[in-house]
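Trainee: For reference, the chains in residue letters:
There are 2 protein chains.
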Amino acid sequence: MKYSRLFGRTIKDVPSDATIASHKFLIQAGFIRESVAGRYFFLPLGQKVMDKFVKIVEEEMAAIDAQKMLIPILQPIELWQETNRDNSGGYELMTVQDRRGAMFTPGGTGEEMFTDVVRKFQISYKDLPIHIYQFGYKFRDELRSKGGLMRTREFLMKDSYIFTENNEQFEIEYKRIVDAYVKIFKRVGLDVEVVPADNGYFGGEYCHEFIIESETGEGKYFVSEDGKYIAHEDIALFKREDVNPEDKVVEFEIFEQPDHVRTMDDNVEFYKLPASRFLKNVVYKNRITGKLIIATIRGDLQVNKNKLEHVLDMVGLLEDATDEDLASFGSKSGYVHSWGYKDYDHVMFVGDTSLRTVKNFIGGQKEETTDSRNVNYGRDFEHEITADIALAEDGFLSEDGSKLIGKKGIEVGNTFNLGYFYSDKMKGARFTDNNGKDEKYYMGSFGIGMARTIATAIEVHNDENGMIWPESIAPYTVSLISIAKSESDESYIKAQELYSSLTEKGIEVLWDDRIETRPGEKFADADLIGIPHRVIVSSRSLENGGFEYKKRSESDSKVISEAEVMELLR
Amino acid sequence: MKYSRLFGRTIKDVPSDATIASHKFLIQAGFIRESVAGRYFFLPLGQKVMDKFVKIVEEEMAAIDAQKMLIPILQPIELWQETNRDNSGGYELMTVQDRRGAMFTPGGTGEEMFTDVVRKFQISYKDLPIHIYQFGYKFRDELRSKGGLMRTREFLMKDSYIFTENNEQFEIEYKRIVDAYVKIFKRVGLDVEVVPADNGYFGGEYCHEFIIESETGEGKYFVSEDGKYIAHEDIALFKREDVNPEDKVVEFEIFEQPDHVRTMDDNVEFYKLPASRFLKNVVYKNRITGKLIIATIRGDLQVNKNKLEHVLDMVGLLEDATDEDLASFGSKSGYVHSWGYKDYDHVMFVGDTSLRTVKNFIGGQKEETTDSRNVNYGRDFEHEITADIALAEDGFLSEDGSKLIGKKGIEVGNTFNLGYFYSDKMKGARFTDNNGKDEKYYMGSFGIGMARTIATAIEVHNDENGMIWPESIAPYTVSLISIAKSESDESYIKAQELYSSLTEKGIEVLWDDRIETRPGEKFADADLIGIPHRVIVSSRSLENGGFEYKKRSESDSKVISEAEVMELLR
Numbered sequence: 001m002k003y004s005r006l007f008g009r010t011i012k013d014v015p016s017d018a019t020i021a022s023h024k025f026l027i028q029a030g031f032i033r034e035s036v037a038g039r040y041f042f043l044p045l046g047q048k049v050m051d052k053f054v055k056i057v058e059e060e061m062a063a064i065d066a067q068k069m070l071i072p073i074l075q076p077i078e079l080w081q082e083t084n085r086d087n088s089g090g091y092e093l094m095t096v097q098d099r100r101g102a103m104f105t106p107g108g109t110g111e112e113m114f115t116d117v118v119r120k121f122q123i124s125y126k127d128l129p130i131h132i133y134q135f136g137y138k139f140r141d142e143l144r145s146k147g148g149l150m151r152t153r154e155f156l157m158k159d160s161y162i163f164t165e166n167n168e169q170f171e172i173e174y175k176r177i178v179d180a181y182v183k184i185f186k187r188v189g190l191d192v193e194v195v196p197a198d199n200g201y202f203g204g205e206y207c208h209e210f211i212i213e214s215e216t217g218e219g220k221y222f223v224s225e226d227g228k229y230i231a232h233e234d235i236a237l238f239k240r241e242d243v244n245p246e247d248k249v250v251e252f253e254i255f256e257q258p259d260h261v262r263t264m265d266d267n268v269e270f271y272k273l274p275a276s277r278f279l280k281n282v283v284y285k286n287r288i289t290g291k292l293i294i295a296t297i298r299g300d301l302q303v304n305k306n307k308l309e310h311v312l313d314m315v316g317l318l319e320d321a322t323d324e325d326l327a328s329f330g331s332k333s334g335y336v337h338s339w340g341y342k343d344y345d346h347v348m349f350v351g352d353t354s355l356r357t358v359k360n361f362i363g364g365q366k367e368e369t370t371d372s373r374n375v376n377y378g379r380d381f382e383h384e385i386t387a388d389i390a391l392a393e394d395g396f397l398s399e400d401g402s403k404l405i406g407k408k409g410i411e412v413g414n415t416f417n418l419g420y421f422y423s424d425k426m427k428g429a430r431f432t433d434n435n436g437k438d439e440k441y442y443m444g445s446f447g448i449g450m451a452r453t454i455a456t457a458i459e460v461h462n463d464e465n466g467m468i469w470p471e472s473i474a475p476y477t478v479s480l481i482s483i484a485k486s487e488s489d490e491s492y493i494k495a496q497e498l499y500s501s502l503t504e505k506g507i508e509v510l511w512d513d514r515i516e517t518r519p520g521e522k523f524a525d526a527d528l529i530g531i532p533h534r535v536i537v538s539s540r541s542l543e544n545g546g547f548e549y550k551k552r553s554e555s556d557s558k559v560i561s562e563a564e565v566m567e568l569l570r
Numbered sequence: 001m002k003y004s005r006l007f008g009r010t011i012k013d014v015p016s017d018a019t020i021a022s023h024k025f026l027i028q029a030g031f032i033r034e035s036v037a038g039r040y041f042f043l044p045l046g047q048k049v050m051d052k053f054v055k056i057v058e059e060e061m062a063a064i065d066a067q068k069m070l071i072p073i074l075q076p077i078e079l080w081q082e083t084n085r086d087n088s089g090g091y092e093l094m095t096v097q098d099r100r101g102a103m104f105t106p107g108g109t110g111e112e113m114f115t116d117v118v119r120k121f122q123i124s125y126k127d128l129p130i131h132i133y134q135f136g137y138k139f140r141d142e143l144r145s146k147g148g149l150m151r152t153r154e155f156l157m158k159d160s161y162i163f164t165e166n167n168e169q170f171e172i173e174y175k176r177i178v179d180a181y182v183k184i185f186k187r188v189g190l191d192v193e194v195v196p197a198d199n200g201y202f203g204g205e206y207c208h209e210f211i212i213e214s215e216t217g218e219g220k221y222f223v224s225e226d227g228k229y230i231a232h233e234d235i236a237l238f239k240r241e242d243v244n245p246e247d248k249v250v251e252f253e254i255f256e257q258p259d260h261v262r263t264m265d266d267n268v269e270f271y272k273l274p275a276s277r278f279l280k281n282v283v284y285k286n287r288i289t290g291k292l293i294i295a296t297i298r299g300d301l302q303v304n305k306n307k308l309e310h311v312l313d314m315v316g317l318l319e320d321a322t323d324e325d326l327a328s329f330g331s332k333s334g335y336v337h338s339w340g341y342k343d344y345d346h347v348m349f350v351g352d353t354s355l356r357t358v359k360n361f362i363g364g365q366k367e368e369t370t371d372s373r374n375v376n377y378g379r380d381f382e383h384e385i386t387a388d389i390a391l392a393e394d395g396f397l398s399e400d401g402s403k404l405i406g407k408k409g410i411e412v413g414n415t416f417n418l419g420y421f422y423s424d425k426m427k428g429a430r431f432t433d434n435n436g437k438d439e440k441y442y443m444g445s446f447g448i449g450m451a452r453t454i455a456t457a458i459e460v461h462n463d464e465n466g467m468i469w470p471e472s473i474a475p476y477t478v479s480l481i482s483i484a485k486s487e488s489d490e491s492y493i494k495a496q497e498l499y500s501s502l503t504e505k506g507i508e509v510l511w512d513d514r515i516e517t518r519p520g521e522k523f524a525d526a527d528l529i530g531i532p533h534r535v536i537v538s539s540r541s542l543e544n545g546g547f548e549y550k551k552r553s554e555s556d557s558k559v560i561s562e563a564e565v566m567e568l569l570r
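Taken in sequence, the protein lines are chains A and B.
The end of the first sequence is residue 570 by our numbering, with every number in the run present.
The end of the second sequence is residue 570 by our numbering, with every number in the run present.
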């Protein structure tokens, strides 16, 4: 490809919100442009990267017997009603209605559609496992899109679905897919961590996120120092050590407290005691039922909303309670009590297991000028539910006692053990077992964010001058630059010859054939675009016996002959 | 691929509306399944065909310097407002609103989006022509979908857009694209006719449809016997010969007429004169403005609504007038007059040029029991507009006097000369010319219906037993069938060896490895699926010295050795 013919060349100005490398460089170098917020055009350079990545994924999918197919983009809403993932279930789906009144949602995920196509066929246990996948466009009605290709409202996903006989068969397939995913990311220069995570909206038994460690990532996860434990922040377990095991349990008391002691910081300052000695209450509301949940936890810990939602079977439904909500049971911000409210049917309590690690808590009075002390969980109050609802933090201990290290990363893929979540709900999602009986499928779903992975490759591989593409997904293999004043210069002619030789050998070359552009600008453009191999043809290089060659990832260049160039790039 | 592992096997039952070969066979053979009406799953076999066709199109596009890219599926409605192709312009767009209130339409065509991305760049005349394209999913809110992949509500299209300096540069590019399209269809076994057609909704100067002649096609076009003229029915020109040149023009009269003479058939029977001697009036309504149009035409001809819309600059806006519409100017069905109605501002007349070919017409009175005769156009009445608004018919003469032959066909592609239609309307759709001045792009758009082309290949290549895939897009090259009672049979083992040898050579094989299925059923399945080469391994074939080989398109088989198989398929 001659650069002078390329649609989508480099630009100087970057959008002001482009703060991370991939966002900035992909736009600047002419790989992508924004349509409207969170929706991108893939320009020819970006499309070439995508096509190469698609091919890699196809190869690895074929290697584990996955079969490529395609579902429609507009999914009938009736399928989502079957699984209660439509608006009535509290989910906000974008919808579109056709002129006949049929309602659709532009697919955010494909579980319902893939289950629907499978149930159209008579499947026997001998046909299982089935692994089918697609490259499908996904639509997410994100409130905020950001980071260029990192969080968009429309994106290409490789999504796989497996239908198996039972948990044993499932586990074998699951492992094959996890291994294939690790390989795929490796092939595009990414070392991935397979992190147990929250299965949330998708239901089922467990899931893993495939995370590339990066400071620009939105995901947080923990790894234990001994390397034995890894988990996403949403589900990370940790050991709750006893706070004051030596203390004696003493009698419960109510006492006067100045009105200004309201927050945890006030408590710590006023009582000269660590936050862990106080009770903390956080109130949430189920946005469908209106039920209010008071989560009680040790003062030094934070409530993990994800864990709480799972404990309550209210996945995706909790939101922060408002002042009005607190007033509905006679309370207000800063004065929610850890017990009582028996008269209010719409209020319930959940306690974190950390409540058992403290003797003689301070806290727990509805009145503004009194407080209580020597409060002991189990003796003075106890919740209907006690469970792990706390957020792990950097430095906490794993359950084995090894220190947890918090890391940030980018989620490039995920794998879900869906269990019977979908086959339970969708009528006819059954196969015939070896006794001729109808059985539900044990299912899984698996995704790779195609554009986000490409952007992540750039987050990991870049320098201040631009991108450094891994060879496997570079839009071109060679960046050829001719420094010539006219098309009849020897350097232009030699460049043309090299371009032809390389192209004939199937090596993809982007030749910067521009005459009127300064050499410095051409070098800067080449650095920005980040093609792995650079070859310069100039009168100087020809005087020195050939072509100036340099890798994008290295700073030293050398002059080599055409034969050596061909050898190097073979 | 082992057939026993394939997802999407043959089925016996066909949907009752599957009347054409491609619809019936693609479903029966397990290439596609319907999601809801007009929206299809592509199963693995269908996907393989699509992938191969995509590759062919990519190759031919690259050969004419077209650059592949991708636009978002959800297009901001603001762009469609710029070109007046949104609902306010009378077009019914499906829309979807996100939670922030932004409105989108799932793209039915990409002119606005591609123009929008191009105008984001500073383009000079030196960068032109630009030819960019995508494989994009298109959404059409069809009232009726039918014919399987022939008319669907969601489909993959290869759509190209060119941006040129002027008409001359445009014509060169247009011709290159037309030639590439002819080549593409040739490569999938289709002889295409390039038929001038109606540019309708897309605007611009002219367009061509790429039509494959087929009895199952919905498109009608005409070819003249001398081969010099070809045109789509929507725009086909024809010669209007004088009906009664020898007659003398005589005096206009009003006379009594029985009330039962209402239709053209009544006229012909009652007056014993050919339909061409009568005046015919057809009334349409502009569905946006409410304007009523009385189209007057010679009694033996039909009004061509497409031509009429272009004459009136009301493309896509005319619909049949209702009884209520006729009453609005004091008329009713069967009694619309060819002149008068001066008191009604919302009524206008358009006459076909055929009105000049008849002397002494009969017809034209508002009263139920009178009629007029010796009506002469130009003398007794004349319309504000006289133009070609008639439909060509089989047997009519071309303007050169050669007989027109009507043909039916399937439109698999189209090319549009858009002229300045979009760059006129979209602000900033400008390049810098060689004087540094801003100039509008001269544009074109070009499409290939990917799924429809695949289905058309089957309409053309099939027999009563199933599909006969052209080798270029066959899902597999070889259909290997082992006839064995167990996996330890020699025939099974030999088949396995051949499967490995072929696969290693990069030849794609679908091996029907089923043990429990009867040979007859396996042969029937192979015929239905239609893979071009068939190899059977049975104890009998082995006794005869090898493998039974047959082409899908031929009926004779022969037994050949493994070496011969390899040679044949090399």
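A couple of the hints might just be wrong.
The list makes no distinction among identical chains, and a pair is therefore deemed to hold if it is satisfied within one copy or across any two copies.
Claimed, not checked - In silico lysine to any residue, SDA-like type, Cα no more than 25 Å apart, as pairs:
#1 332 - 434
#2 427 - 206
#3 186 - 306
#4 55 - 65
#5 551 - 562
Think of the hints as simulated: they come from the structure by calculation, not from any bench.
Trainee: Look at each hint and say if it fits the structure.
Mentor: Structure-based check of each hint:
1. In this homomeric assembly, residue 332 and residue 434 never come within 25 Å of each other (Cα to Cα): the closest approach is 61 Å inside a single copy and 71 Å across copies.
2. In this assembly of identical chains, residue 427 and residue 206 lie within 25 Å of each other by CA distance solely inside one copy; the values are 23 Å within and 52 Å between copies.
3. In this homomeric assembly, residue 186 and residue 306 never come within 25 Å of each other (Cα to Cα): the closest approach is 30 Å inside a single copy and 57 Å across copies.
4. Taking the closest pair of Cα atoms, residue 55 and residue 65 come within 25 Å of each other both inside a single copy (15 Å) and across two copies (22 Å).
5. For the identical chains of this complex, residue 551 and residue 562 are intra-copy neighbours only, at 16 Å inside a copy versus 48 Å across copies, given an alpha-carbon limit of 25 Å.
Hints 1, 3, counting from the list given before, are not met by this structure.
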